[in-house]
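Following the hints, put chain X in place on chain S, whose structure we already have.
Listed below are the residues making up each chain.
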Amino acid sequence: MLQIKDLRTEINQAVLLDGITFDIKPSSVTALVGHNGAGKSTLFKTVMGVMAKSEGEIWINERYNQEDDFLTFKQLISYLPEEPLLLTELTVMQHFQLYAMSYAVPEEKLQNSLERLVPGFELEDKLNEYPEALSKGMRQKVQTICALLPDTPLLFIDEPFMGLDIYAMEYLEELIQEKAKNGTSILLTTHQLERVKDIAENYIMLQHGRIQSYGPIADFQTIQRRSVDEEK
Amino acid sequence: MKRSEAHIYYFIRKSRFRKKKIINKMAMEVMIDKTTAVYLALLGGYVFASLFIFGDVLDSFQEEFLFLEANAQKGFWVILTALPIRYIFKSFRDPGILFSSTEYQLTLLPYSRGRIWFYVFLEKLVKQFLILTLAASLVILLTPISAPIVVAYLSIFLLYEIVLTVPQWVLFQKGLWIKIGWLLAVLIINGIGILTSSPLIGLAQLLLIIVINHFLLSNSIFNQVQWSKVTEVNDFQIWKMFLISAASKTKFKRQKKFSIFQKSARTRKPFQSDKAIHNRLWRVYLAQNAQLIFQVIGAFTLMLTVFIFMNDTIYNIGVAVVIYAYASVAGSFFNDRMRADILEVLPWNLESFKRSYFKWVAAGACLILIPIIVHAIVNFSMWTPMKVVYYACVFLFLYHLNVNKTMTLLARQSRNFQLEDGIGFLFLIAVAFSGTYPALTFGFVIVLLMLRKQVSFLL
Chain S
1 MLQIKDLRTE INQAVLLDGI TFDIKPSSVT ALVGHNGAGK STLFKTVMGV
51 MAKSEGEIWI NERYNQEDDF LTFKQLISYL PEEPLLLTEL TVMQHFQLYA
101 MSYAVPEEKL QNSLERLVPG FELEDKLNEY PEALSKGMRQ KVQTICALLP
151 DTPLLFIDEP FMGLDIYAME YLEELIQEKA KNGTSILLTT HQLERVKDIA
201 ENYIMLQHGR IQSYGPIADF QTIQRRSVDE EK
Chain X
1 MKRSEAHIYY FIRKSRFRKK KIINKMAMEV MIDKTTAVYL ALLGGYVFAS
51 LFIFGDVLDS FQEEFLFLEA NAQKGFWVIL TALPIRYIFK SFRDPGILFS
101 STEYQLTLLP YSRGRIWFYV FLEKLVKQFL ILTLAASLVI LLTPISAPIV
151 VAYLSIFLLY EIVLTVPQWV LFQKGLWIKI GWLLAVLIIN GIGILTSSPL
201 IGLAQLLLII VINHFLLSNS IFNQVQWSKV TEVNDFQIWK MFLISAASKT
251 KFKRQKKFSI FQKSARTRKP FQSDKAIHNR LWRVYLAQNA QLIFQVIGAF
301 TLMLTVFIFM NDTIYNIGVA VVIYAYASVA GSFFNDRMRA DILEVLPWNL
351 ESFKRSYFKW VAAGACLILI PIIVHAIVNF SMWTPMKVVY YACVFLFLYH
401 LNVNKTMTLL ARQSRNFQLE DGIGFLFLIA VAFSGTYPAL TFGFVIVLLM
451 LRKQVSFLL
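So the sequence lines, in the order shown, correspond to chains S and X. Numbered per full-length UniProt numbering, the first sequence finishes at 232, counting up by one with no gaps. Numbered per full-length UniProt numbering, the second sequence finishes at 459, counting up by one with no gaps.
With the rest of the complex left out, here is chain S (with noise of 0.2 Å):
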């Protein structure tokens, strides 16, 4: 599904990332891990193309290559950030809109998702709130439905459950299992390993900007503190 090869991500002479070269299978569920820093949100902008990658390839499905197709590429990819991108000036649902206008989703498919994440989010009388008029968490869950909204062969995910309540977490990962059962390759990264652990299939470890370890979620032990790695 999604492949990986010799990527490399600098700013001003700093390496972020290097050396990253991995595959995720088609229907599966893939945790990447690792500390603060270690490069997981520069990863998920560099396939996404928000940050320019210097060397390497990426291809999604053997066919969409990020250099050759890039507007293709893009609808490939569905991504829920770390911090809600809300725009201020559109209510709740303006903002699936947008989601439905920019990945070509269907009025019909629009209504009939809706008509079951909204509820399911606890979101039904906030519709036409701006964000600024929801709590941190609400505004996470906006976002969430927003990235769940298009089927698309990618999603990344960025902490998931980070200011979410427990009901909502587990909606979450039931949604996400879900989604990956439907075809729909899963990244995601969190803090929470105990919980990724139900989820994930396999996983990546990610230290300064390189991948540590990679393999099945099964045989992930645990991050490293930051200061003992760099002891070393």
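Each hint should be verified, as a subset may be incorrect.
[Said to hold, decoys possible] Quick list of simulated restraints, FRET-style, between CB atoms: (1) S:137 with X:272: 26 to 36 Å; (2) S:169 with X:355: 13 to 23 Å; (3) X:455 with S:71: 11 to 21 Å; (4) S:162 with X:105: 14 to 24 Å; (5) S:8 with X:3: 50 to 60 Å; (6) S:116 with X:355: 30 to 40 Å; (7) S:129 with X:310: 53 to 63 Å; (8) S:192 with X:243: 37 to 47 Å; (9) X:216 with S:107: 17 to 27 Å; (10) S:128 with X:204: 22 to 32 Å; (11) X:294 with S:116: 14 to 24 Å.
Calculated directly from the structure, the hints in this document are not laboratory data. Positions of the beta carbon are idealized from the N, C-alpha and C atoms, including for glycine.
Coordinates of chain X only, in the frame set by chain S:
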């Protein structure tokens, strides 16, 4: 033991100053080594000494200074009436009191919000007093302008700083139309002042401001304050550091969570079409960049207005420059829109965005058209309509070309636009010479043919 507000405010300011000093020092070390810094300081000192101490640079401007003094005397009452306009303009984007998120957090602790606010105000006045006094002293010492005039100006600036800080703060919290309303009111007062040439108008306005301050505003400083907006603007003001920007080669960007546009019941309704979504996205973006847009369009309009009074060749060169620059700016804004906020991570239908963008570009062009129309009316000839049509066609061609190039760049496609760029340049040369050789404007037929291809451009 709880410290006083003055003490804690002093502590915060000292810490902020220290932090900025450390950051600036780091930036300086990155940019300039010690040896270069010493040489630069010596060079600066030498230039200053040779220009102002040993040289007679200022003496050569003697006549200009006397002219300035005479006009300053005459224009004092105009300044008295006009100065509030500056504060109203500033209230569109700046609360006038540097109350940042740090000060706001202090008020969440057991400290008086009013007193903290007052200390920020006091600090602002002291700073202004020092800056203006220094500037006034230099003017008195280095120029022949008489001291009483300089002191009178210093006093009026300081007085308005005192009496208009609260109105600016209160107005900042209000909606766009209230701000525009006050701006119009003060402009009308100024108009009356200019027509009657009476100093009484300025004095009456000043008196009115003092009365409004005392009876209406002094008790409502903290009513309906948009603290997030105030702190967002001020945080940006405080931490927008030129040296850091230069050293790190990054641009400071305001968070810009707030727009100048009001949210009405109508804007809350779900969108009825994709076109409405595009329109809103453009509106959001352009509102966030309103200041820059007004500056750019204002500069172009002003430039053309000045060129109207010059000879025809210069005016036509000015038109060519403005067409080129406005089309380029339109392309840059298109690029920036796609890389801003939520849109950066969403898929782009660039052709649709281009279609919805044109309306806004055309709205901006209307303002630039004013001096062109004035020039056309004043210098009307049988060629005038042809010229206007030709200018419009060239602008449309260059606008579409620039946006198409931007779209190609965004889509990471490699296409060659060198030929079109060259043709566009030739069209601009024809604009520049259209005053001397008006027959060149017949070229609009060729422009139209070329334009068709750019309008129907697909990625």
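query: Quick check: which numbered hints come out false for this structure?
result: The structure conflicts with hints 2, 9, 10 and 11, although it agrees with all the remaining ones.
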